[in-house]
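K.L.:
So the chains spell out like this:
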Amino acid sequence: MVNKIFFITVLAGVPLSVVGRFMHWSEVLMFVIYCVTIIALAGYMGRATESLAIVAGPRIGGLLNATFGNAVELIISIFALREGLVAVVLASLTGSVLGNLLLVAGLSFFVGGLKHKRQEFNVYDARHNSGLLMFAVIVAFVIPEVFAQGMPEGKTMALSIGVSVILITLYLGALFFRLVTHRGVYQHKSEETGTHEEPEWSKGKALLILLISTGAVAFVSESLVHTFETVATRFGWSELFIGVIIVAVVGNAAEHASAIIMAYKNKMNIAVEIAIGSTLQIAMFIAPVLVLLSLLFQDSMPLVFTLPELISMVTAVLLAIVISNDGDTNWFEGATLLAAYLIMGIGFYLL
Amino acid sequence: MVNKIFFITVLAGVPLSVVGRFMHWSEVLMFVIYCVTIIALAGYMGRATESLAIVAGPRIGGLLNATFGNAVELIISIFALREGLVAVVLASLTGSVLGNLLLVAGLSFFVGGLKHKRQEFNVYDARHNSGLLMFAVIVAFVIPEVFAQGMPEGKTMALSIGVSVILITLYLGALFFRLVTHRGVYQHKSEETGTHEEPEWSKGKALLILLISTGAVAFVSESLVHTFETVATRFGWSELFIGVIIVAVVGNAAEHASAIIMAYKNKMNIAVEIAIGSTLQIAMFIAPVLVLLSLLFQDSMPLVFTLPELISMVTAVLLAIVISNDGDTNWFEGATLLAAYLIMGIGFYLL
Amino acid sequence: MVNKIFFITVLAGVPLSVVGRFMHWSEVLMFVIYCVTIIALAGYMGRATESLAIVAGPRIGGLLNATFGNAVELIISIFALREGLVAVVLASLTGSVLGNLLLVAGLSFFVGGLKHKRQEFNVYDARHNSGLLMFAVIVAFVIPEVFAQGMPEGKTMALSIGVSVILITLYLGALFFRLVTHRGVYQHKSEETGTHEEPEWSKGKALLILLISTGAVAFVSESLVHTFETVATRFGWSELFIGVIIVAVVGNAAEHASAIIMAYKNKMNIAVEIAIGSTLQIAMFIAPVLVLLSLLFQDSMPLVFTLPELISMVTAVLLAIVISNDGDTNWFEGATLLAAYLIMGIGFYLL
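Chains as they are written, first to last, in the UniProt record's numbering: chain G, 1 to 351; chain Z, 1 to 351; chain S, 1 to 351.
Rather than coming from a laboratory, the hints here were simulated on the basis of the structure.
Note that beta-carbon positions come from the ideal geometry of N, C-alpha and C, so glycine has one too.
Some hints could be false.
To be verified - Only part of the chain G face toward chain S is listed, based on derived beta-carbon distances under 10 Å:
1. E145
2. V163
3. L351
Unchecked claim - Sample of chain S residues lacking proximity to chain G, with all beta carbon distances greater than 12 Å (derived):
4. M23
5. G113
6. R118
7. L207
8. D326
To be verified - Just so you have them, the derived chain Z footprint on chain S, three or more residues with Cβ under 8 Å:
9. 135-146
10. 152-166
All chains should be modelled from the sequences, with the hints used to inform the complete structure.
P.N.:
So this is what it looks like as structure tokens:
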């Protein structure tokens, strides 16, 4: 059913995006069309990646998921960087972190908790992820912010590059740790899911779909970025709000859906892996890669967020760690995360 | 014994308060009389609430405790708001949070630990409370502070109202969670205390005493608020110090006493429930209710503390979470909390 | 082997230090000689303290270790204070906290983890230490910083003295707790290490060596402090960088080595005790003692760090707590701590 809707959306959305753009339809209308089309295309990218991951086995599959999991976000951001929209990119990174940590995890815990009284997930993974969240957001994002005060711009950029290289290195280290040196070490046997999963598509078909949908996302994203200014003016939204809420929700919609479905099916390990794993990928891989890529464009992007962005991420991480650290969830823990997201959403709207 | 002292204090304090006020006795003397009288009256309110709670059963009883637990604090604050003493109210909220988290919990752990080598309390409750402390203080108090910088006053108030409504909603959600959907889910059977408690007073008598003592507290509090300025000038105290230390201690004295007695009797679950539960009630219910009530007065109160107030609460919460998270206490953990309270007390005194 | 190198280094280093100083050799050369000599002398002080601790039994031994463990750091700092180098002393305290928490613990976890898949240490100790780290760094260091903004200097100093006295008192309380009232309470029997350790040196010899090497360290440290300015100018390093990285590494080199060796031998309890215990000694004993001692000199030292110093320590503590709290380590947790140290190192270098 969902797949059918996605199919029709793509079938209609891509041509409409092309036609509308060259016919100069209303930018607000095009903004909506672009957003919906990207969400549907992201669904295809996700399914293609999953099929490839099953074919390729857990190691290469883990790498694939890690690389393409936030590809949409990455593509939109690159086009935004090319337009010099550094503030929008930083805002959308913030939005992805908040969205995954509070909205996705919150909805998963809440919806799952409505059906199941108590849900559990691997407590070792929770702690491993807590350490990385602390490192990425509380150390690697906070330090450049504090040290950059009163630094000349060149040094701020040097610090940002250094931090980015360290973040990417540690992210690769984490993959190596989980997929090679400590695979299964912190896992109960019963947890091994999907012993004999069948891929949805064959290797060739999956590759083709991944290629085409990625290309389509790139085209639509490039168009989307140009509508931001008009939309911001029309609705009285700040660029910050567009980045933090709109881009983040569009870029992560596919993941949101699957995490909540997994939680409803009581597969909390996967739901948490999507929510927290995606947060870590944004913070430790996408963000630093964008910093490094920005050196190719006219306006380079330092790893320096605005204070509201940074404090939102820091408090979200502290809340998520305290709530997830015992590996036990219920509807109320979900509600707490959602309440935090709501507070920050109001804050960014009013800013 | 204690009850007798309270009886005599009320018997003497209330008339003295009335007479002294209309005879215009020295304001410093009246300040002392008011404070002592309120502490004694709060004792009566507490006992009446407890009797009613036993009669009404755990659900309604929980609601009653949740509503009347910090009634004194609420009453004093409303009168202070009517006088436009917004800063004093914010300070006394801070003082209640610090007082409950560090002073009450600290004294309980310390005094209990002098008698018992190790004391334990329900680790699930500890984690549930940790999540709420993080949410209330680290998210809901910090976000308005950070976002309000550079916001026009109207938006700050809008943000404060939004955060307040969310806080109250989640507080009610927490009651629903603990009293309805997950009652006893996270509890060991052996923990169920007081299977057949007898109420001290009959329903009618308890209601009458609650009504009269609440009325008396209201009258005395209204008088107390008018003495702040004189006392501040006479002793060289800042309004901040009066709010953070004096009002907070007077408003919470009754709870302090019972938490420490419970800890001494090794009933740590109840002692912690009083200390942390009261903190949460202040932060998630009293504070936002006061923000909303302040809209009725000339000076509305945003949920924006001074930086020393906010940082004190944030660090107190982090310390309390790390110390209480394992559900195991001893005298040294109590001493650590007390030492933190002392440091903040010196800070506010010097400010 | 290592002992032989230390022996030769001391035998050559001390005379070279004396001769070089009075012959006015190049200050950069002398800086290197002083640093190497102090590291070797610190090795002797450590071994002498250990021998005395074994002879004296666990209580007095614990006290001895607690007092002489960071004696080198203390001696260098006193001479720096006498020269009015308040900023260097605060920076070197910061560097010791960061060095022990991130570099020493990080290297221990990493090197130990290369040999052993999972290593464990006493989880009660980890939690006890977490509480103290929170108290010392997050409460006792943050509060003066925040409250001092806009305070006159005299009050800042008063607050610093108050906090220092409380820190020292609680540190002594912690020793009393661990060595007297709760000795062995939180310990598994199997953990009791070294039931019949033989001291390396006799009591008299150990005392003599401790006395002589302490005297030599004092002399060399006094000389070292005078080279800072020249070295800073020559290499373009800030005083902050010298304090945070150089002085901290020199002052703690001996401990670094033994912690890593212990981790390699899978004696994680001792490795963690050295890393975290030393951090706590710096924060709760050396730092406040230096504040009080500074009253004897012309420039008194408030307990107010620069913002980059404070935020580095706060984030390091939060990271270390989340990573160490489960009492389980592996190479990747070590790598995470080292990555955090590297980020801060780059930051201080660029500042």
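K.L.:
So, for every hint listed, does it hold in this structure?
P.N.:
Hints and how they fare:
Interface hint status for G:E145: upheld, as the beta-carbon distance to the closest one in chain S is roughly 9 Å, under 10 Å. Hint on G:V163 holds. Least Cβ distance to chain S is approximately 5 Å, under the 10 Å limit. A hinted interface residue such as G:L351 counts as satisfied when its beta carbon comes closer than 10 Å to some beta carbon of chain S; here the least separation is about 23 Å, so the hint is violated. At the 12 Å boundary, the C-beta of S:M23 stays outside the reach of chain G, the nearest C-beta of that chain being 39 Å off.
A cut-off of 12 Å between C-beta atoms contradicts the statement that S:G113 is not in contact with chain G; the least separation is 9 Å. The claim that S:R118 lies off the interface is violated: its Cβ sits roughly 7 Å from the closest Cβ of chain G, which falls inside the 12 Å cut-off. Consistency note on S:L207: stated as away from chain G, and its beta-carbon is indeed over 12 Å from all of that chain's, at 43 Å minimum. Chain G draws S:D326 into its interface by the beta-carbon criterion, the shortest separation being 5 Å against a cut-off of 12 Å.
Here the segment 135-146 of chain S counts 8 residues with a CB under 8 Å from a CB of chain Z, which clears the bar of 3, and the coverage holds. Judged by the Cβ-Cβ criterion of 8 Å, the segment 152-166 of chain S is covered by chain Z as claimed, because 6 of its residues qualify and three suffice.
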